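Engineer: Take a look at the letters that make up each chain.
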Amino acid sequence: MIAPILLRRVGHIDPESLADYEAYEGFRALRQVLMRRPEQVVEMVKASGLRGRGGALFPTGVKWEAVARQPRRPKYVVCNADESEPGTFKDRVLLEGDPFAVVEAMVIAGYAVGASKGYIYVRGEYHRAYTRLSRAVSVAREAGYLGTHILGSDFSFDIEIRRGAGAYVCGEETALFESIEGKRGMPRQKPPFPTEQGLFGQPTLINNVETLACIPWIVRSGPAWFREIGSPAMPGPKLFCVSGAVQRPGVYEAPVTITLRELIEGMAGGLPSGQEVQAILVGGAAGAFATPEEMDTPLTPEALQAIGVPLGSGAIMVIDHRVPLWEVLRRVARFFAHESCGKCYPCQLGTYRQWEIVERLARGEPLPGDVERLRDIAATMADASICGLGQTAANAILSALEKGLVSVPTPA
Amino acid sequence: MHSPQPERWQQVDEIIQRWATHGRSGLLPCLLEVQDITGYLSPELCAHIARHLRVPEADVYGLISFYSLLYDRPVGRVVLRVCDDVPCYVRGSSELLNALQEALGLEPNKTTADGAITLEVHPCLGRCERAPFVLINDDEIGPARAEDVLARVQAHLQSAPSTLSERAEDPAATEEGTG
Numbered sequence: 101m102i103a104p105i106l107l108r109r110v111g112h113i114d115p116e117s118l119a120d121y122e123a124y125e126g127f128r129a130l131r132q133v134l135m136r137r138p139e140q141v142v143e144m145v146k147a148s149g150l151r152g153r154g155g156a157l158f159p160t161g162v163k164w165e166a167v168a169r170q171p172r173r174p175k176y177v178v179c180n181a182d183e184s185e186p187g188t189f190k191d192r193v194l195l196e197g198d199p200f201a202v203v204e205a206m207v208i209a210g211y212a213v214g215a216s217k218g219y220i221y222v223r224g225e226y227h228r229a230y231t232r233l234s235r236a237v238s239v240a241r242e243a244g245y246l247g248t249h250i251l252g253s254d255f256s257f258d259i260e261i262r263r264g265a266g267a268y269v270c271g272e273e274t275a276l277f278e279s280i281e282g283k284r285g286m287p288r289q290k291p292p293f294p295t296e297q298g299l300f301g302q303p304t305l306i307n308n309v310e311t312l313a314c315i316p317w318i319v320r321s322g323p324a325w326f327r328e329i330g331s332p333a334m335p336g337p338k339l340f341c342v343s344g345a346v347q348r349p350g351v352y353e354a355p356v357t358i359t360l361r362e363l364i365e366g367m368a369g370g371l372p373s374g375q376e377v378q379a380i381l382v383g384g385a386a387g388a389f390a391t392p393e394e395m396d397t398p399l400t401p402e403a404l405q406a407i408g409v410p411l412g413s414g415a416i417m418v419i420d421h422r423v424p425l426w427e428v429l430r431r432v433a434r435f436f437a438h439e440s441c442g443k444c445y446p447c448q449l450g451t452y453r454q455w456e457i458v459e460r461l462a463r464g465e466p467l468p469g470d471v472e473r474l475r476d477i478a479a480t481m482a483d484a485s486i487c488g489l490g491q492t493a494a495n496a497i498l499s500a501l502e503k504g505l506v507s508v509p510t511p512a
Numbered sequence: 100m101h102s103p104q105p106e107r108w109q110q111v112d113e114i115i116q117r118w119a120t121h122g123r124s125g126l127l128p129c130l131l132e133v134q135d136i137t138g139y140l141s142p143e144l145c146a147h148i149a150r151h152l153r154v155p156e157a158d159v160y161g162l163i164s165f166y167s168l169l170y171d172r173p174v175g176r177v178v179l180r181v182c183d184d185v186p187c188y189v190r191g192s193s194e195l196l197n198a199l200q201e202a203l204g205l206e207p208n209k210t211t212a213d214g215a216i217t218l219e220v221h222p223c224l225g226r227c228e229r230a231p232f233v234l235i236n237d238d239e240i241g242p243a244r245a246e247d248v249l250a251r252v253q254a255h256l257q258s259a260p261s262t263l264s265e266r267a268e269d270p271a272a273t274e275e276g277t278g
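From first to last, the protein sequence lines stand for chains A and B. Each residue of the first sequence is one higher than the one before, counting from 101 in this note's numbering. Each residue of the second sequence is one higher than the one before, counting from 100 in this note's numbering.
By construction, these hints were calculated from the structure, which means they are not laboratory data. Note that this is a predicted model, so its numbers are computed, not measured. Note that beta-carbon positions come from the ideal geometry of N, C-alpha and C, so glycine has one too. Treat the hints with caution; some may be incorrect.
Covered, in the sense of this in silico footprint (three residues per stretch, anywhere, with C-beta under 8 Å from a C-beta of chain A), are these stretches of chain B [stated by the list, open to error]:
1. 125-138
2. 166-177
3. 180-189
Could you put together the complete structure from these sequences and hints?
Structural biologist: The structure is reproduced here in structure tokens:
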């Protein structure tokens, strides 16, 4: 097992102390970056093979390059800290435990892509993360790491922090822009993509908290070092959020080559005695179930794809044999019905119909054709919804049915 | 309609002035910060904010109805958010919720008759390592037991300042409010 990188400072430094952060490598990457050309920084991120840690796994360097090439000004850097995927809490742990890392990474990103302003959009229920970030931003500004002529260079960049207000869909990048612009957080039709027309219609780089947290380490230790960790398709360390029926729920850092079993039974201490794994919900409510037989699967994107499970945000929810799984599915269905923003009909109607059917199945009182209807709704939502919320809203429920984790009652 | 106390209006107006230069983009943070002071966004406040940020009043209500943390009617001085999502459910959130409902005599998403406590059932609050988890205003408690939650609620009720709107109806109220 590798020594922690992303979690290296978490719990070991005073997160409010700039001196502590500086003593643990802090802002050295920024000093290095300011002595290079922006293109070299973009090249370094591309060479690292870093992929987005918010769940979509998009190659980060490609995004940076696309924004860097845009001639229009101003450009923006946005940190997506609206972590709301059920079972996901890694970004909160980073923001609370190492807030300066996100600030440093955003300044580096701003320099690389030619942006002058950054926004951090923090989930509304994350009060401590918001307070710590606010403090980190103002302390960094006083110390010359933010503002005009950063560290005496020609580069100027500043950060504004925005609070979310309780809407899961705002984690979708374009919905998040709408929210910052003062509107209801409804996703936009893509294209145009944020790299061309993002926040306020301007070229925008938007990255997840954990993705940004990788950046200073890539700068310090180099892309080759980063690629040595993890798998060829998913280099670097990854944070996993292990929750549910384990002895030590928490955030664990590991390369994606780790298996579900090693993570659950090793790092998280296994299940309490007398309990057995019934199912594992991987990737959040938008994820899919793995069975106990699939626990030796590594968490690489390819291996997970083979068992029909997305890595997503790195949520690993362990459900023991005592839990009625239909109750879990009811919660997933209710969640999407409540959180659908209502902009596009496949999702607005589909998530409600899905919830109703799951409720009937959970009660053991299905109508004839309910399961077929559920599959039909799932296909329609996946094909026709404009954002990831509707596109993934049926995945967990379908996977539980397909893997035979729940028994389907017969209509009376 | 009651008019809030002058010093509270002053606090509210400071927030509005700070965000007014942002126009529409300042609307959501402005609403959140004003609500931190006032507890909820009354029709009077909505009209006031709309006028100063130069946005249609309908759009103010558009935001309030969209975002679950914004309220256009009074909520309890203490808002209890009980997470009932998958990781918390696996670790006993249903039993916790039932116990709290019974002890408080409250259905989910209702407020006690004296306006003191609101009980909300919430999707994942992102503290799954502390399941089952409860937020009491912005105070975190988890793994939460019903008796601990209830004790903390009492402590909050004794220390929480009443909100602008309540205080407007009570000219004798003197304690200082916080965000």
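Engineer: Taking the hints in turn, state whether each one holds.
Structural biologist: Tested hints:
1. 125-138: With 6 residues closer than 8 Å to chain A, the stretch 125-138 of chain B meets the three-residue bar; holds.
2. 166-177: It holds: at least three residues are needed, and the stretch 166-177 of chain B offers 4 whose Cβ sits within less than 8 Å of chain A.
3. 180-189: Three-residue rule met by the stretch 180-189 of chain B, so holds; n is 7.
Of the numbered hints stated above, none is contradicted by the structure.
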